[in-house]
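Below, each chain spelled out in residue letters.
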Amino acid sequence: MAMVVDYQHDLSFPYWTSTRRRFDPDSPFFSSGNIERELLAKQVALDLTEDERNQLEKMVAKDARGVFCPIVGCGARLISLEDFEDHYNARHTASCSVCSRVYPTSHLLSIHVSEAHDSFFQAKVARGYAVYECLVEGCGLKFKSYKGRQQHLVDKHKFPTSFEFFKKALPSKKQRQKNHRKQAMHKKDEEASSKMEVENETMDGLVSAVSKLSTSDSSPSTVSFGRRHTRGLTFVPRSVQHEKRADFRLAGAKR
Amino acid sequence: MADDSAASHRRDPIKSSVGNVAAQRRRQNAVTVGKERRESLVRAKRLCRVGPSADGDVPVEGNDMITDEEEFLLEAQTSSAVEDLKSTVAYQGKGAMQKRVNALRELRRLLSKSEFPPIEAALKAGAIPLLVQCLSFGSQDEQLLEAAWCLTNIAAGKPEETKALLPALPLLIAHLGEKSSLPVAEQCAWALGNVAGEGEELRNVLLSQGALPPLARMMLPNKGSTVRTAAWALSNLIKGPDPKAATELIRVDGVLDAILRHLRKSDEELATEVAWVVVYLSALSNFATGVLVKTDVLHLLVERLATSNSLQLLIPVLRSLGNLVAGDSHTTSTILVPGLEITDGVIKVLVKCLKSEHRVLKKEASWVLSNIAAGSVEHKQLIYSSEAVPLLLHLLSTAPFDIRKEVAYVLGNLCVAPTGGDGKPNLIQEHLVSLVQRGCLSGFIDLVRSADVEAARLGLQFMELVLRGMPSGEGPKLVEREDGIDAMERYQFHENEDLRNMANGLVDKYFGEDYGVDE
Numbered sequence: 001m002a003m004v005v006d007y008q009h010d011l012s013f014p015y016w017t018s019t020r021r022r023f024d025p026d027s028p029f030f031s032s033g034n035i036e037r038e039l040l041a042k043q044v045a046l047d048l049t050e051d052e053r054n055q056l057e058k059m060v061a062k063d064a065r066g067v068f069c070p071i072v073g074c075g076a077r078l079i080s081l082e083d084f085e086d087h088y089n090a091r092h093t094a095s096c097s098v099c100s101r102v103y104p105t106s107h108l109l110s111i112h113v114s115e116a117h118d119s120f121f122q123a124k125v126a127r128g129y130a131v132y133e134c135l136v137e138g139c140g141l142k143f144k145s146y147k148g149r150q151q152h153l154v155d156k157h158k159f160p161t162s163f164e165f166f167k168k169a170l171p172s173k174k175q176r177q178k179n180h181r182k183q184a185m186h187k188k189d190e191e192a193s194s195k196m197e198v199e200n201e202t203m204d205g206l207v208s209a210v211s212k213l214s215t216s217d218s219s220p221s222t223v224s225f226g227r228r229h230t231r232g233l234t235f236v237p238r239s240v241q242h243e244k245r246a247d248f249r250l251a252g253a254k255r
Numbered sequence: 256m257a258d259d260s261a262a263s264h265r266r267d268p269i270k271s272s273v274g275n276v277a278a279q280r281r282r283q284n285a286v287t288v289g290k291e292r293r294e295s296l297v298r299a300k301r302l303c304r305v306g307p308s309a310d311g312d313v314p315v316e317g318n319d320m321i322t323d324e325e326e327f328l329l330e331a332q333t334s335s336a337v338e339d340l341k342s343t344v345a346y347q348g349k350g351a352m353q354k355r356v357n358a359l360r361e362l363r364r365l366l367s368k369s370e371f372p373p374i375e376a377a378l379k380a381g382a383i384p385l386l387v388q389c390l391s392f393g394s395q396d397e398q399l400l401e402a403a404w405c406l407t408n409i410a411a412g413k414p415e416e417t418k419a420l421l422p423a424l425p426l427l428i429a430h431l432g433e434k435s436s437l438p439v440a441e442q443c444a445w446a447l448g449n450v451a452g453e454g455e456e457l458r459n460v461l462l463s464q465g466a467l468p469p470l471a472r473m474m475l476p477n478k479g480s481t482v483r484t485a486a487w488a489l490s491n492l493i494k495g496p497d498p499k500a501a502t503e504l505i506r507v508d509g510v511l512d513a514i515l516r517h518l519r520k521s522d523e524e525l526a527t528e529v530a531w532v533v534v535y536l537s538a539l540s541n542f543a544t545g546v547l548v549k550t551d552v553l554h555l556l557v558e559r560l561a562t563s564n565s566l567q568l569l570i571p572v573l574r575s576l577g578n579l580v581a582g583d584s585h586t587t588s589t590i591l592v593p594g595l596e597i598t599d600g601v602i603k604v605l606v607k608c609l610k611s612e613h614r615v616l617k618k619e620a621s622w623v624l625s626n627i628a629a630g631s632v633e634h635k636q637l638i639y640s641s642e643a644v645p646l647l648l649h650l651l652s653t654a655p656f657d658i659r660k661e662v663a664y665v666l667g668n669l670c671v672a673p674t675g676g677d678g679k680p681n682l683i684q685e686h687l688v689s690l691v692q693r694g695c696l697s698g699f700i701d702l703v704r705s706a707d708v709e710a711a712r713l714g715l716q717f718m719e720l721v722l723r724g725m726p727s728g729e730g731p732k733l734v735e736r737e738d739g740i741d742a743m744e745r746y747q748f749h750e751n752e753d754l755r756n757m758a759n760g761l762v763d764k765y766f767g768e769d770y771g772v773d774e
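Residue numbers (this note's numbering), protein chains in the order written: chain A, 1 to 255; chain B, 256 to 774.
In short, the hints are calculated from the structure, not lab data.
No residue lacks a Cβ here, since even glycine has one placed at the ideal position from N, Cα and C.
Do not rely on the hints blindly, as some may be mistaken.
Chain B regions said to be covered by chain A (calculated; three or more residues, Cβ under 8 angstroms) [to be verified]: (1) 490-503; (2) 573-583.
Pairs of lysine-lysine, DSBU-like flavour, derived with a Cα cap of 30 angstroms [stated by the list, open to error]: (3) LYS341(B) with LYS418(B); (4) LYS379(B) with LYS42(A); (5) LYS42(A) with LYS478(B); (6) LYS290(B) with LYS434(B); (7) LYS418(B) with LYS434(B); (8) LYS290(B) with LYS413(B); (9) LYS368(B) with LYS341(B); (10) LYS158(A) with LYS124(A); (11) LYS42(A) with LYS610(B); (12) LYS549(B) with LYS499(B); (13) LYS290(B) with LYS42(A); (14) LYS142(A) with LYS158(A); (15) LYS434(B) with LYS341(B); (16) LYS144(A) with LYS158(A); (17) LYS42(A) with LYS764(B); (18) LYS290(B) with LYS368(B); (19) LYS520(B) with LYS610(B); (20) LYS499(B) with LYS520(B); (21) LYS520(B) with LYS42(A); (22) LYS147(A) with LYS764(B); (23) LYS379(B) with LYS418(B); (24) LYS156(A) with LYS124(A); (25) LYS156(A) with LYS764(B); (26) LYS42(A) with LYS413(B); (27) LYS764(B) with LYS158(A); (28) LYS434(B) with LYS349(B); (29) LYS368(B) with LYS379(B); (30) LYS520(B) with LYS549(B); (31) LYS156(A) with LYS142(A); (32) LYS764(B) with LYS732(B); (33) LYS290(B) with LYS349(B); (34) LYS42(A) with LYS368(B); (35) LYS144(A) with LYS124(A).
Use the sequences and the hints to build the structure in full.
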């Protein structure tokens, strides 16, 4: 017996609603079926081989499915949706060697490194220099405070007010356990560096940086291009998963 | 005349050049031909290369990668054939009709030889007015047939070429009448089918000239190639986007009955074309849908889906079913009631389609299931406990993107109760927990990572269900384990504001400061 549960919540999230979906006959949703119809109808007359047909289908599908990278400022044209993941991993996963945060461009990464890990940067801030750069490439404006820059992003570049460039790190469970262990051992180090402590940096972040230096696990090396939580081949490229026919050739489908 | 063409073929080997230049040109040809070929293959138009009565004619040539020389020759022959036709049309003396038929036949052969008939050459030489004259009332059947055949193939090409048939349309429509011989009517229907397949503009012209009623009547007999051609032509004629034609068609006396009869008893080829008519009727006309669901059409569609293995037939039958379910809530709420035999039958054939190796079937079957799953709680329970779920779970992690998206809709719909009047989203925890335990979460998180906005939205919405609805606050941990946080953090720099807000909102709410504090 299914249990229907009621929850209280705020209504700003567009929740999943189960509704019927109808499509017009000329909707792109039906185009692969329509193409199949025409190819099959002419197949007999033209004596197309299975191979030729597959090739044609792929060509037609490709023309239709070109997509653009949706990361701000990128706009790279991708051949197909399947290519997006590879493109993203190649271009948008610059990760910080100190704290493992991941950024979609090297520009943002370098801003992060200055602001979060550079003591000279903090010194300049303290002396009143305008060193917080605007995040939008080509703007060039600089600000004296994090909040000042934040306001500029919202006012000038229409960033959402909830946007936080420097978000709190969310360490993995393994990381957190390690942190709790190391915390006891490295308390002294933390006290020493607390004077140079960067705005909002968590203890965990510093500890994880230190622990990286001493342990020999499979952490990513310096400027790595990959996810924080490496798990070997978590990601099978989409191109491999294409058209997995072998599994489903069951009796029902045979002609 | 047949001898001439044979002789000209014998001349060719001397002309075919040796060496790089020719090879290069042939390759270039292949590329342009490749593109042209692709376009011609996916058109809704069909070339007629074999006549209604296989009359021992010159056999149709196979794969044609014709050289420039051959093409030039064909065009020259075509122009000259049109010239011949011109003189025979003018000629009034003895044996005029036979001469005319011979000239038409020659032109027809030239227009039927290859995949890319010399349409342009024919038009340039002025074929259309001559062919129109050959269609005049009182002409012999043979003449009408050959003329209509020529027009059929002229209309099978590019848009401007098809449009050139405008002057011939009234006559072609007229010869659909019940007084015409069947082969003639069929050939005219074929030509009109190609014209209708061109686009909305020409369809409207045909409809206003009254093409629909006679074509509809041609669908009424029990069998024959004429019935099939007429059904195909009708499917092109009513495909809209204006629903008027579809509504008009279902109202023609005897049409509904004929459609059901063909779906029930006819051979697969005929049933295929009739099924396409049903596709357009159900997609465009609410009136037609209403009429159809009052018959036993669903039962007939299920029968066909269960017994056939012809992809050509399965596609339109499945889609018709899908359209009938999607177009009217009445279908799911009063006909496909859980517990009834028909409902079990529908689920069963949809499962069969999910098991198929064909992409289109898997995708559209998932779509139909998602609409049934958008019904009552009983519908969701029915699907949840059926063979569909293990198949869907597998597809979610292995199938191509477009299938995975549809599968996501099914699974998500199973986890959410019907939207109540006050719009509060309640979930069906039993289904959610089970599906998540069976590993569907990573599939949804993959969708969050895709560049497709709709898919990403689905993924985020499902993640919200998991975060909110998994018991004992397990949700966040599960999401984290599948790298869901990573996936959501990508959206910080994403250009779509809605998605950014959705992702940020979830991260802020469920992975805020106190996350993971008490281990």
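Okay, the hints, checked on the actual structure:
1. Taking a C-beta to C-beta cut-off of 8 angstroms, the segment 490-503 of chain B contributes 3 residues in contact with chain A, enough for the three needed, and the coverage statement holds.
2. With 5 residues having a beta carbon nearer than 8 angstroms to a beta carbon of chain A, the segment 573-583 of chain B meets the requirement of three or more and the stated coverage holds.
3. Straight-line distance between C-alpha atoms of LYS341(B) and LYS418(B) comes to about 22 angstroms, which keeps the hinted pair within the 30 angstroms bound.
4. Distance hint between LYS379(B) and LYS42(A) is fulfilled; the C-alpha atoms sit about 27 angstroms from each other, no more than 30 angstroms.
5. The hinted pair formed by LYS42(A) and LYS478(B) meets the criterion: a straight-line CA distance of about 22 angstroms does not exceed 30 angstroms.
6. A C-alpha spacing of about 42 angstroms is found between LYS290(B) and LYS434(B), which places the hinted pair above 30 angstroms, so the restraint is violated.
7. Using a Cα cut-off of 30 angstroms, the hinted pair LYS418(B) and LYS434(B) holds, with the two alpha carbons roughly 27 angstroms apart.
8. Among the hinted pairs, LYS290(B) with LYS413(B) is consistent with the structure: their alpha-carbon atoms are about 13 angstroms apart, no more than 30 angstroms.
9. Between LYS368(B) and LYS341(B) the alpha-carbon distance is near 21 angstroms, which keeps this suggested pair within the 30 angstroms criterion.
10. Of the pairs offered as hints, the one joining LYS158(A) and LYS124(A) holds, with about 28 angstroms between alpha carbons and a cut-off of 30 angstroms not exceeded.
11. Of the pairs offered as hints, the one joining LYS42(A) and LYS610(B) holds, with about 26 angstroms between alpha carbons and a cut-off of 30 angstroms not exceeded.
12. As the CA atoms of LYS549(B) and LYS499(B) are separated by approximately 21 angstroms, the hinted pair is consistent with the 30 angstroms bound.
13. Annotation: proposed proximity of LYS290(B) to LYS42(A) holds, straight-line Cα distance about 16 angstroms (limit 30 angstroms).
14. At roughly 17 angstroms between alpha-carbon atoms, LYS142(A) and LYS158(A) fall within 30 angstroms of each other, so this suggested pair holds.
15. Note on LYS434(B) and LYS341(B): the hinted pairing holds, with a Cα-Cα distance of about 28 angstroms set against a maximum of 30 angstroms.
16. Distance check on the hinted pair: LYS144(A) and LYS158(A) sit about 20 angstroms apart at the alpha-carbon level, within 30 angstroms; holds.
17. A distance of roughly 56 angstroms separates the Cα atoms of LYS42(A) and LYS764(B); the hinted pair therefore is violated under the 30 angstroms criterion.
18. Taken as a hint, the LYS290(B) and LYS368(B) pair is honoured in the structure, with Cα atoms around 20 angstroms apart against an allowance of 30 angstroms.
19. Note on LYS520(B) and LYS610(B): the hinted pairing holds, with a Cα-Cα distance of about 26 angstroms set against a maximum of 30 angstroms.
20. Among the hinted pairs, LYS499(B) with LYS520(B) is consistent with the structure: their alpha-carbon atoms are about 29 angstroms apart, no more than 30 angstroms.
21. A C-alpha spacing of about 25 angstroms is found between LYS520(B) and LYS42(A), which places the hinted pair at or below 30 angstroms, so the restraint holds.
22. With a CA separation close to 22 angstroms, the supplied pair LYS147(A) and LYS764(B) stays within the 30 angstroms bound.
23. Between LYS379(B) and LYS418(B), the direct Cα distance comes to roughly 14 angstroms. Compliance with the 30 angstroms bound is thereby established for this hinted pair.
24. Distance restraint check for LYS156(A) and LYS124(A): the Cα-Cα separation of roughly 25 angstroms lies within the 30 angstroms cut-off, and the hinted pair is therefore satisfied.
25. This hinted pair checks out: LYS156(A) and LYS764(B) have alpha carbons roughly 27 angstroms apart, not beyond 30 angstroms.
26. For the hint linking LYS42(A) to LYS413(B), the alpha-carbon distance of about 17 angstroms falls within 30 angstroms, and the restraint holds.
27. Our distance criterion of 30 angstroms between C-alpha atoms is met by LYS764(B) and LYS158(A), whose separation comes to about 23 angstroms.
28. Only pairs whose Cα atoms come within 30 angstroms are accepted, and LYS434(B) paired with LYS349(B) is accepted, the gap being roughly 28 angstroms.
29. This hinted pair checks out: LYS368(B) and LYS379(B) have alpha carbons roughly 19 angstroms apart, not beyond 30 angstroms.
30. Restraint check: the Cα-Cα separation between LYS520(B) and LYS549(B) comes to about 19 angstroms, which is no more than 30 angstroms; the hinted pair holds.
31. Proximity of LYS156(A) to LYS142(A) is assessed by CA-CA distance (about 13 angstroms); at most 30 angstroms being required, the pair is judged to hold.
32. Of the pairs offered as hints, the one joining LYS764(B) and LYS732(B) holds, with about 14 angstroms between alpha carbons and a cut-off of 30 angstroms not exceeded.
33. Taking the CA atoms of LYS290(B) and LYS349(B), the gap is about 48 angstroms. The hint is violated against a cut of 30 angstroms.
34. Restraint check for LYS42(A) and LYS368(B): satisfied, since their Cα atoms lie roughly 15 angstroms apart, inside the 30 angstroms limit.
35. Of the pairs offered as hints, the one joining LYS144(A) and LYS124(A) holds, with about 9 angstroms between alpha carbons and a cut-off of 30 angstroms not exceeded.
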